[in-house]
Each structure stands twice: as structure tokens, then as C-alpha cells.
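Got chain A; can you put chain B on it based on the hints?
Residue numbers (our numbering), protein chains in the order written: chain A, 1 to 288; chain B, 1 to 573.
Among these hints, one or two may not hold up.
[What the hints assert, rightly or not] Cut-off 20 angstroms, straight-line C-alpha distance, at most; resulting in silico cross-link-like pairs (SDA-like, lysine to any residue):
#, chain 1, residue 1, chain 2, residue 2
1, A, 285, B, 543
2, B, 199, A, 222
3, A, 285, B, 390
4, B, 514, B, 543
5, A, 270, B, 390
6, A, 285, B, 382
7, A, 272, B, 240
8, A, 270, B, 379
By construction, these hints were calculated from the structure, which means they are not laboratory data.
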Amino acid sequence: MDPKIFDMENADVAWCPGCGNFSILSTVKKVLAELEINPEDLVLVSGIGQAGKLPHYVKSNVFNGLHGRSLPPATGIKAVNPELTVIDVSGDGCMYGEGGNHFIHTIRRNPNITNIVHNNMVYGLTKGQASPTTRTNFKSNLQVEGVFLEPFNPLSVAIALKASFVARAFSGDMDQTKEILKKAIKHKGYALVDIFQPCVTFNKVNTFEWFRENTYYLEDTHDPSNIGEAFQRAMETDKYPLGIFYVNNDKKTFEENLAVYNKNKSPVYKRKVDLNKLETLINSKRSI
Amino acid sequence: MSDDSSKEDVSIVICGEAGQGIQTVESILVQAIKMGGYHVFSSKEYMSRVRGGENSTEIRISSQRLNSYVERIDILLALSDGAIDHLNQRITSETLILGDEKNLKSVTEYDTITIPLFKSAEELGGPIFSNVIVAGVISRVLNISSEIFNEIITRMFSRKGEKIVEKDLEAGKKGHEIGEQLVKSGKIKIQLTKDPQIKYELLLSGTEAVGLGCLAGGCNFMSSYPMTPSTPLQMFMAQNGVEFDLIFEQAEDEIAALNMSIGAFYAGARSMIATSGSGFALMEEAVGLSGMIETPVVIYVGQRPGPAVGLPTRTSQEDLNLTLYSGPGEFARIIFAPGNFEDAFKLSQIAFNLADKYQIPVFILSDQYFAECYYNIPSLDLSDLKIENHIVKTDENYKRYQLTPDGVSPRGIPGFGAGVVVVDSDEHDEEGHITEDLDLRAKMVEKRFTKKMEKIREEVIPPELVGNEDYEILVLGWGSTYGTIKEVVNELDSDKIAFLHFKQVYPLSSDTGKYLKKALKTIIFENNINSQFGNLIKLELGFDIDETVLKYDGMPFSVEEVTNNLKKFLEGL
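So that you can see chain A by itself, here it is in the shape it has in the complex:
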């Protein structure tokens, strides 16, 4: 499949020139093409923020909802029609700040969706404030004395919750990012891909250069089925490891756990109410 199939003609892209989001956008299109996912069978779900605009630049079904609230609708969509490929695209503020509670509980729920989080350690859309992942001492127009909150570590949180797939990528390396995303989308269950992505306008600390110097790939010997090791590697923050940290293939997905799909695999929305059953239920109220 040609990635061009996902191009949006006349899309008015609102990102700054040089933004790390551009390479994520083109990589996502390549991944979708290589996996031969049709635009009409794909739903991109997002919240608000610079990352949240990505779905508008891809030919696809789009649910661009509220800030921080992308995972609940993504879960609802997938539950109603498991035949769709559902990818949630968010940023670090949207997913780990405003949507933190949904992040935790969606991992527990384990819908078969992919959760891509553009992590640039800063708020872009609101112009430069600290995000949950901003490193300490970062100064901004609101954190005037510098950030003193402990940075949120999405990977260790996800692994602690036994998320079924946990990975980190870097938008400066499109080839590796592509491979990680492919595995994440193909994975059955909730898959988190946190992607380091420099904000060229509001984060002058964590630049392309900085990410290159402060990241490295997990060795081939890393065993993603070993949760203890995965957790330990996720806790490393002097230099950030990249790659697939943890995979848990034993978990049933949210959809698989739903009783409505026990015997009948057809999407719920295609089914009609059985009026005879309703009548029986009503009549059952005539006696105890």
C-alpha cells in the first residue's frame, strides 16, 4: 500500500517548521501502509494539544475529542466495533496530565488499541509551560523558579500496571520508530508508545541534539517478558533507554472479556433488539 493513500490534500498543518511531529506523521502513514490498514477501517482518536492535531493530517476516521479524554472514547469505539483499528494519538500533557486517570485505568482495562504519546516535555499549544514529564529545574512562564515536581515516568507506571505492551521511541530515528509502531499496532492489547519529540519553539533544553545524546537503545539481549528487568530499565533517567521494554501476551483484551462477544463475534452495533426477549422480561415482572 502506498503511504500517499493517507495524505490529506489541502491540509493546513499548524505545527512549527522543524517540529518533531512531522516525522511522526510521515512514519505513522508508512506504518499504516505497510500494515495495509484501509483508511475507512482506521479510527484515529485524539485529545487537545499539538499532537492531538495529527489525525487531521491523515486520511482516516477521526474522533478528535476533549483534552485528556481520548482514551475513553477510543475504548468505547473499539468495544462497539472490534473490527476497527483504533489508534489514540496524544501528547504528554493531554495523556499524562489531564488524562492521567484514564491512562491508568485504560491500561487496566486493556482494550486492543495503540496509544501513541508525543512526549516533548513541555506544553506547546499553550506556549511553554511545564508538562508532567518536564525535568526538574526547567524554567517557564508559569514555573518561574523552575520545576520542582518529580517528573512523571509513564513507562514505569505502565509496567507497574502490567500494561500489555510498553515502548519508547525517538522521533529523530524514523526507522526504529516505524518498527516499534508496527509491533505496537500488531500487538493484541493495549500498547503504549511514548515518543520523544523535541519542541523546537518552547523547549530549548530538550532539543534533537539533547535527545540524541541522552538516549540509547535497549540491547538485543533485553527480555521484554521479564517485568522486573523492564521496570528497572524504565526507571533509568540519566540516559533514557529506547525500544520495547515490556510485552505481556497473556492478557485478555477488554473486548475479549466482554460477555457480548463470548459466542457472537459480530460487532455489537450490528445487532438488533430482540423484542420477544423484552416482552419476556417485562412479563417476568408480573410475578416474582
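Here is chain B on its own, set in the frame of chain A:
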């Protein structure tokens, strides 16, 4: 209690501590009374605690149809030391007080009849059996046959095993014996006409009436967060989920619940949520999302007194304004407030059709009183039930927000057709993509509000008039006050007085003004301090209602309260 065999109905109140099993007594008795051939109505008031406190259930029994709460207590079963104090304001010299000596020994201001409740229960194996004994006493006093009573006990307790059923049957028998003695002593005399046909009627709660309506509306997805008094509806839907191909998910919070349900409707389901005041407040942002992306959803709000946590287990009509103005920005919506079970069923069913048709949030406003009361009705009408299809198959040129004369764009869903369905919480163009074209913005606002509302106003459910059409005095009410006000107006039996009940509170029926102008004087009853519905009428029609009767202590209006207020109003004219 007066020795008047012509009495049309009897009010029995059972009062005890939380955890004592009063609900079990209620469940047994409402069934037994209906199966015995009487009309029955029950309503409970209870504290927000799992053990202790004082809770009471009122059960009305009559040869006439009932749907209202009375303050009067004919027979009080006091099962705790605090019962008399708790209900002191409702007890009169006419009230017959029954109870175990243990609980009544310190009662001096009233005559009481002691029954050997705890001793008998002890003999059967423990205090737990006192519930069934109490039910047996009342059942006998009401002249309900042992066969009916035993059948109910057997069915209710069968899952607990044969031994328990046997014990409970014995407890029932003991209760019957105690009841027999009471009847023979002449201390209690009740003679109500039985109608054997009532046995075949439906016995429902307000919650079940709504739940059955939601199933009839094709609901197949519900996500919610537990909150009294909406939790029973969540339970009803969850427990019928497998049978009706319905997904129920308990969300991590109310915010997730409504966003998830909106996602489900977007993907082709018919989804809903159930919540109450503060929980709904958390959902307001997502109500705006439904309005903006024109994705339907049905929202059930079981009202309770607020603000904040308020009184979790009590009733109110305080959240009309909250639902009416919920969500930022301006967009169309519909609000229903059923007053009886037939309407609750029907309105819940059509809520899904209307939400789907106009691609808007539709609200069902209920409250603790309505959700938790029980009574019998002949049937629910399935004959004109229709689950309308409002989903289109998309083609390559599909535009989710195509501008149309009536403001409604054909709604596609992902995966059905060759097109893509793009929805966006930002202002968007016809395709669904972000726009800052301000001319288009204005068109979209008109589409979402004015144009849709114009069509919605054409099919408003009209208010129901009870009483003479040539009235001079018009009594107004909405939602759960229906049964009580209706009973009072019927009882007054005056050509001059009629009652107008609104089951759709927004938008208002175009007939409203006509009804109001015809009245010489108007009076409204509401369970809030601001007369929220009266204010809405003033806002929409410029009409001033002459008198407001407002109750906001957490209890529903009683028949006596409405009667007294109405009489006072009439005297003052």
C-alpha cells in the same frame, strides 16, 4: 386507626435500622399485596449509611390505583428503639403501633401493641427471621392467603437453599399466627375490596420502568460510575447486559463514563450513562462534546439534594437548571421528566430515537423518590415501539457536517461505507476538520442550535391535563410529583381545578401558553428552592405563575402537603 371498613387505603410504615432487612420486608410485602389482589405503592426514605440509623418504608394498600406518598401512618411497625422518635411528626392517635416489647418499652405517649417478634425469631434460629415474621403478620392482617405468601417466600429465598426456605416458611407461619391473633382481638380491622386481576399486573420500580424503556430504545452500551440514586439503573442494565447484547462498563470516573459512551455512539452503538448531581457536574464538558461533534447520547440524571454531596439518599428536583444549561457553548438538547411508569418506559425508549435523529444529548431527569418507588401497572405498551435507523452508509465524498436545511447532516459511522467520518471538538468545516472560517462558524452554530431546535419543537411531548378542561385554577408540576398532585386534584373533585403535568420540560410544548392563559390563577409545586421550572416558563413565555410551593428538605411532597397548600391557596383567592 379508625374502625372504618370503608377506608379506601391503608398506609403501613416499617421502620428500623439500616442492615435490619427492612428492604426484605418491603420486597416480600409489595409482591404479596399485589398477588393478593390489591393495588400497592411503596416508597422508602433512608440514611446514607450501611448500618444503624433509622430507615423507613411506606407501603400503601388500596382498592384504587396508587402512585403517591402520604404522611399519614395507619399501622407502624417499629423495629428499633428510635423508630417512634424518627417518625414522631407523622404519628397520630389514629396510628396503630406494633412492635416487640424490647423496642416499645420506653414508649409512653402512644398506645402500642406488642408482638413477640424477637422471641419468635430467636426460637427459629436468630433475629434474622424477624423480617419474614413481620411480613407474615402484615400479610395476615391484610387477609392475603398463606398460599400466596408461601409461594413468594419460596421463590425469593430458593437460591439460599432448601433449609433456609424451610425456616423462612416457618417464620412466615409464625407471623401469620401473630396476625391472626391481632385480627381476632379486634385491634386491627382492615377490609379492602380485592380485584383478582391485579395479580396479573406488572410490579415495577421507577428505575425498572426507565431501564425497560432504555432496552426498548435499543440501548446496547452503557458506561457509568456508581452514584446514588442512579446506581440501581446501572445495575438493571448491567444485569440484563448478556441477554440484550449490551456492553456495560464501570468507568474510572464520570468524565470517562460520558466520553466513553459518546465514543460508542460515534461507532454505531446506542449508548447511555446514568449519574446524579455532582457526578453529572463532572460530565458537563462531555455534554458540550456531544453537542459540538453532534454525536448522540442519552443521559439519565437521578436527582438528589445538593450542592456537592448533599443528601445522597434523599430526593429533589434541583438539577433541571444543571442539565438545561450544562456544557459550554450553545446547542440543541431535549429534557424529559417522567411522572409515571408508563411515561418513564415510553420516554426512555424515544429518548434514543430522538438523540439519534437530531444527533444531540437527550436527558431523562428522574429522582430518588421516583427511581425507588414501586407500584403495579396493567402493562407496558410495545405496539408502537420502533427503533428508528438514523445511520447512513458513507461514500467517498462523505462529509460528516454537510450543511442541510434542517441542520441535521446524515450520520455515518466508521467502517460502514467507503467514506471516513471525521468529528472534531474544535469548530470544524463540513468535513469535520478544524476551521477558523468565522462565516462557517456562524453557520455551524445555527445548524447545531437554531435549525435543530426548530424541528425538535415540532415534536414536543405535550403536557398532560388532569381534570376539567374548563378550569379556573391550574396546578402545575413536572416529573415525579405527578402521582401525588394528581391524587389530590382528583380527590378535590372540583370543576374549577385542573392539573397540568410536564413530562417534557425542555423545550416546552407550544400548547403551554394556551393552557396558562386560560387559567385565572396558577400554582406550581416543585422540589427545589428557586422554582426552576417556573422560572423556565417565565423565561420562555414571559408568564408569571401566581403561587409557588417549594420543598427542599429532601423528602417528596405528600398528599397531605399538596392538599393543605392547595386549600390554603384556594381560600386566599
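Checked hints:
no.: 1; hint: A:285 to B:543; result: violated (43 angstroms)
no.: 2; hint: B:199 to A:222; result: violated (71 angstroms)
no.: 3; hint: A:285 to B:390; result: violated (32 angstroms)
no.: 4; hint: B:514 to B:543; result: holds (11 angstroms)
no.: 5; hint: A:270 to B:390; result: holds (13 angstroms)
no.: 6; hint: A:285 to B:382; result: holds (15 angstroms)
no.: 7; hint: A:272 to B:240; result: holds (15 angstroms)
no.: 8; hint: A:270 to B:379; result: violated (30 angstroms)
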